[in-house]
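The listed protein sequences correspond, in order, to chains P and U. Just so we're aligned: the first sequence equals residues 1 to 300 in the working numbering. Just so we're aligned: the second sequence equals residues 1 to 139 in the working numbering.
Some hints could be false.
As the list claims (entries may be wrong) - List of simulated lysine-lysine pairs, DSS-like, C-alpha gap at most 30 angstroms:
hint, chain 1, residue 1, chain 2, residue 2
1, P, Lys246, U, Lys96
2, P, Lys161, U, Lys96
3, P, Lys161, U, Lys76
4, U, Lys76, U, Lys112
Think of the hints as simulated: they come from the structure by calculation, not from any bench.
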Amino acid sequence: MNRRSFLRISLTGAGLTASSMLLQGFGFGDISSALNSATKYVDSATKSYNAVSKALEDITPEQEYYIGRTIGAIVLEKFQPYEHAPTISYINILGQTLSRFSDLPELYDGYHFMVLDSPEINAFATPSGLIFVTRGMLKCCSDENSLAAVLAHEIAHVQHKHGLQSIEKDRITKATSILALEGTKNFANSDIASLTNTFEDSIGDITSTMISSGYSRSFETEADETAVMILQRVGYNGQGLIEMLKVMKKNLKPGGMDFAKTHPSPESRIENISNILGTKDKLVTNPSQTLRFQTAMKGV
Amino acid sequence: MTTSQSVQVRSSQLRKSPSFLGKIISTVHYGDRLAVLETKDSWLKVDARGNQGWLHSSAMTAKEIVLKPHAGDISKAADSDEIALAGKGFNRQVEKKFRQRNANANFNMVDKMEKSSVSQEEIEAFLRAGNLHPTGGEV
């Protein structure tokens with residue numbers, strides 16, 4: 001599914017009232033398309049571009065929060081939540097414990113975890129710390145350590161701001177500062193409409209990267225390596241990530257729309273993690289975790 | 001000369017030691033400007049209204065957060081690296097308008113997800129019951 005058709009399914013209407021967005025100092029935009037349709041505004045836009053303030057350019061945790069909420073709302077439009085209380089409660093305790101030992105333990109509203117009712121093998125993390133795993137992904141986890149590895153990998157994506165890094169390449173923050181500085185006086189209605197459309201395209205960019213195309217191989221490698229670090233800090237075994245990937249390899253369907261499409265192959269990930277772990281972490285089952293894991297996963 | 005930093009998350013807990021297993025002393029809130037007394041690894045020892053304790057640096061920013069910015073604050077922020085405006089850019093009002101135009105986006109479930117919270121006691125019990133021994137602190 002390409003980005004535009006995904007967006008049409010997810011979003012209806014022409015988008016926000018751009019003038020109200022501008023008054024609030026908000027606007028995402030693709031500079032090249034906006035400037036192409038508004039050449040008479042090039043001079044003032046260039047001036048603003050050059051005069052970008054750091055305060056407006058930086059995406060603060062508060063803004064990450066609102067970006068992440070919208071992406072979460074779109075994920076939850078596409079997937080049904082699996083609202084089985086014992087499972088959700090367990091995953092939240094495990095996930096929030098892991099997040100405390102990441103290098104980004106504090107987010108505007110903290111980390112929150114949810115299971116999606118889908119047999120696909122998938123997991124998503126929004127910039128605001130909303131983390132989703134499917135039932136199909138949970139089935140790749142044979143114990144608590146493996147599940148911890150999955151959650152740690154998603155926390156790592158949030159820690160490294162992988163989602164936001166794909167936005168900033170489109171210079172959205174620079175467009176934000178232009179709109180906030182210039183206000184409404186220099187923009188015609190046609191430009192406002194065009195900028196409104198590009199806002200929705202930008203949200204679509206984030207969600208299609210996350211859901212359809214996936215992050216770069218280097219981002220995925222970084223997330224795996226940080227996941228191992230988080231696991232070890234909490235007292236879990238880095239080997240748990242390898243064990244999960246072995247099960248995933250058996251369960252993934254070739255040509256699937258899930259992890260098969262968005263992530264490097266389990267084999268390549270296993271090889272990389274094995275090199276990091278060396279012979280340090282031997283797999284040892286922890287019986288005190290077994291019962292609570294099995295109880296929480298009953299029925300999944 | 002002491003430096004100050006501001007709380008950039010909704011709320012956080014001041015702790016007796018630089019660890020999430022450290023005893024909680026008090027709560028700090030978004031925008032609170034706190035004097036920084038000491039740093040250790042990724043943690044800051046701060047003074048919050050007479051209480052001294054530790055916060056993780058990810059909860060803090062060197063910028064001063066202006067909680068209710070006026071129009072004049074926008075150009076002030078434009079000229080300074082030291083100020084951040086609360087509620088600027090993508091904010092609650094923008095989300096409200098987005099929801100009016102995109103009725104199918106499931107914000108109600110996002111609100112529900114955000115209600116999940118886990119206490120310090122629950123985390124400590126979870127670690128103990130699971131025979132887990134984190135680095136940097138015994139449970």
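Quick rundown of the hints versus the structure:
1. This hinted pair does not check out: Lys246 of chain P and Lys96 of chain U have alpha carbons roughly 44 angstroms apart, beyond 30 angstroms.
2. Annotation: proposed proximity of Lys161 of chain P to Lys96 of chain U holds, straight-line Cα distance about 25 angstroms (limit 30 angstroms).
3. Proximity of Lys161 of chain P to Lys76 of chain U is assessed by CA-CA distance (about 28 angstroms); at most 30 angstroms being required, the pair is judged to hold.
4. Note on Lys76 of chain U and Lys112 of chain U: the hinted pairing is violated, with a Cα-Cα distance of about 37 angstroms set against a maximum of 30 angstroms.
Consistency with the previously given hints fails for numbers 1 and 4, ordered from lowest to highest.
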